[in-house]
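*Asks:* Residue numbers (the working numbering), protein chains in the order written: chain A, 1 to 164; chain B, 1001 to 1330.
Worth double-checking, as some hints may not be accurate.
[To be verified] Here are some chain A residues the structure puts well away from chain B; computed CB gaps all over 10 Å:
1) G26
2) W123
3) T156
[What the hints assert, rightly or not] Incomplete in silico selection of chain B near chain A, CB under 10 Å:
4) D1055
5) E1056
6) L1061
7) G1063
8) L1065
9) H1073
10) L1077
11) F1090
12) T1091
13) V1117
14) L1213
15) S1215
Bear in mind the hints are in silico, worked out from the structure with no lab data behind them.
Even glycine gets a Cβ: it sits at the ideal position worked out from N, Cα and C.
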Amino acid sequence: MLQKKICMVGAFATGKTSLVARYVQGIYSDKYQTTVGVKIDKKTVSVLGQELNLILWDIHGEDEFQKIKMSYLRGSAGYILVVDGTRRDTLGTVFQLQAKAKETIGDVPFITIINKYDLNQDWEIGEEELDELSQREWTYLMGSARTGLGVEECFTKLAQMMIY
Amino acid sequence: MLNLPEPIVTFLCSTVVRDRFPAYLHMDKAGHLLAFGGACDRYGMHHLSLDQSVDEQIYFLAGLLPLQEAAMHIPFLQIEADIVAEVHLFTAQEEDWAIFFDATTENAKNVLIQQKVNDLSLLRRKQAQSLDHLIHPESVAESILDIQPAGEQKSLTILVIKCCNISGTHQTTANPLKALDAYLSTISPLILDEGGLIHQSIGNSIVAVFGALPSMRSAPEQAVAASSRILEICQGDHALKGTQAECALVITTGRATIGLLQVGFGKTLSVMGPPMEVAMHLNKNSEAGALIIDKPTFDGLDQRQRSFVPAAVTESSVMAGSPLYAYRQL
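Bound-form chain A, shown alone:
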């Protein structure tokens, strides 16, 4: 069976671990628990008739003290950039991380998920920010680890991009 490594990257507290937990185990917890280092998970999926073993690297969030080591992305077939829709600055973080990722592993498929859509009353990502994503020709979608919105779609879409 084909194995594909996928990395979750983004600022801290954007919901990377929650997205993986929702996708792999179908669970969600409201309690924020920070990730230190890397958590590994896996899930077998069928994409376009092909069985894939997805190895998910949930990498700690980037903040002023913990910087993501780009060497963790080595061997990735794709990566997911996670933005917290209630914190505009987390979009800036993924712009920087994507540039570094490209430098390290080249033009590997990636997708951006703007998480926490269930908190859209506190939303800080507007038309201007979405326009910027479009101008960069990034594939993005709105999601929520809490409700499950867009989670399956995000991983499936990336898996399809990795196979093509």
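We have chain A; now place chain B onto it with these hints.
*Replies:* Just chain B now, with coordinates in the frame of chain A:
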């Protein structure tokens, strides 16, 4: 190599083996397993077969081998639900090696610290938002402050910072509002960092409240910590964004009423009571570079008491109705 006696080397080795559960893998450059040993099962590496691809047998190493750099270190790799490994990958004699150590305990310690750091960052952000709401009083973050709308009596510590070189009448700076803004944007993060709330800006003074948010430290400790950081900035070479910084600080502590006032269509934070009155009174005569605290604040300090000496008796201290203490940098 370090010149260590044999008993020390033996002790270190046995300690590492006993406490860190080492395991290793030895691979050729094609990614085939040549040898393995140690506590492999602990890290989820079961039923390993020699001469087979490591990628296929050990899923979490997929994509990393053969190594593209001389060495790679992953301090915390959570493989099993309750096991975190420290992983070293390196090349020697044109073959790749992986060494695993148990880092579960170390990881747990780091998680505690990082959790605190991240929680504080998120709290600070929320406070900045609520400050924004105070300046634009459409609403106040009631949920963050958890303050009863009807008001409640609490022991609070009030910190008043007077920006001495700004005055509405004696204009010593070209643009006093801009200078106050520079003060506010420099001072606010320090207050928020120490668990305080910016209450309001009155004239050339900024009022902060400590004790409204839950904290492990006493409100006087928080206020004094914020004040010493503010003084440090004022006394340092780094003037506030081009403004010559001169601050006078006053801290008072006591029971006060804290609540939310309806202002127009929104609500704003209100603090009333003796500590606020005394603080505002002392603020009038406070002098640049000084930090004056009242006795209840002094009594609420632990180690930091040593940084204060009794202040001279003045008309202000008599009016304050309690002995005052002045900050002296140790």
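*Asks:* Next, verify each hint and record whether it holds.
*Replies:* Going down the list of hints, with the structure as the test:
| no. | hint | verdict |
| --- | --- | --- |
| 1 | G26 | 16 Å, holds |
| 2 | W123 | 13 Å, holds |
| 3 | T156 | 20 Å, holds |
| 4 | D1055 | 7 Å, holds |
| 5 | E1056 | 7 Å, holds |
| 6 | L1061 | 9 Å, holds |
| 7 | G1063 | 2 Å, holds |
| 8 | L1065 | 8 Å, holds |
| 9 | H1073 | 9 Å, holds |
| 10 | L1077 | 5 Å, holds |
| 11 | F1090 | 13 Å, violated |
| 12 | T1091 | 14 Å, violated |
| 13 | V1117 | 6 Å, holds |
| 14 | L1213 | 18 Å, violated |
| 15 | S1215 | 19 Å, violated |
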